[in-house]
Amino acid sequence: MGRMTQRRRVTRITRQEGTAPSVRERSDVLAGEEPMEMRLNGESFSVTMRTPGHDFELVAGFLVAEGLVGSSPGQSHLSTLRYCAGTDEEGNQTYNVIDAQLEGGDLVGVGRRRQVVTTSACGICGTTSIDAVEKSLPAQAETAPLEMSAETLLGLPDALRQRQQVFESTGGVHAAGLFDAQGELLCLREDVGRHNAVDKVVGWAYLQEKLPLRGTVLQVSGRASFELVQKAALAGIEVLSAVGAPSSLAADLGDRSGVTVAGFSRGRSINLYTHQHRIAV
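Just so you know, numbering that gives the first Met the number 0 puts 0 at position 1 of the sequence shown, and the rest follows in order with no gaps.
Hints in this document: simulated from the structure, not taken from any laboratory. Among the hints, a few may not be true.
Claimed, not checked - Derived Cβ-Cβ restraints for the label pairs, each shown as a range: (1) ARG160 - TYR94: 25 to 31 Å; (2) GLN161 - TYR94: 28 to 34 Å; (3) GLY243 - ARG14: 28 to 34 Å.
Glycine included, C-beta positions come from ideal geometry on N, C-alpha and C.
The task is simple: from the sequences and hints, build the whole structure.
What follows is the structure, given as structure tokens:
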């Protein structure tokens, strides 16, 4: 797994009933976390902390969420992605700087701006942000609407967990899995950042020219926040299912953007907050 995981010596203390705690040294596996700078046409755009791996997908998915690339008319497209010079103290390439070359669309000052719709992690979200998302949604595809069984939807968290290799080793990463209506896994990505995991899935789809992702379900290992519903909507995903709870704004955005938002998916039960018509009982 390369830099996705790192080993570290730890001191493990174990308390046993009726005896003094035992202490021993052991090797533990941690999820990798490193900064990555994104540049657009040579200009610095953003720095994010992420688990190394699938970095080009992360950049592509991030740009879809920014509304800079995608499947809608007038948007820019990615011509190239490449690692730039970035070295550690020993002079070794870190692969922590990526330059994305964009073509077409409105690129004036693109390296100096961030759209309000993507800054909700800083607390800047509300009606204005939802309106901005709605204006950037991909056009509706001429396909039959997604329909899936509740049984299939309830099985997605276990299907996701069984394939989480980095989590199995470290216990310290989030996961996002893209499934079809029959519960077949299309793509799974893991990262210390839950938003990054989703961006990697969306970036995979963008680079595979699969956007918009009609007829798909995004299962995430954490909660359903506004920004995750936003990312799903901009990618054309019809159902977002989370192990945890959605926020009120996430449900509001799901209502207005046409995304079915599901939460508290625990194997035996699930709550449907929006557009329940897609799930057959």
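- Item | Range agreement (Cβ of TYR94 with Cβ of GLN161, hint 28 to 34 Å) | The hint (28 to 34 Å, Cβ to Cβ) holds, given that GLN161 and TYR94 are roughly 30 Å apart.
- Query: Is the distance from the Cβ of ARG160 to the Cβ of TYR94 consistent with 25 to 31 Å?
  - Reply: 29 Å, holds
- Task: Take the C-beta atom of GLY243 and the C-beta atom of ARG14, compute their distance, and say whether it sits inside 28 to 34 Å.
- Result: 30 Å, holds
Taken one by one, the earlier hints all hold for this structure without exception.
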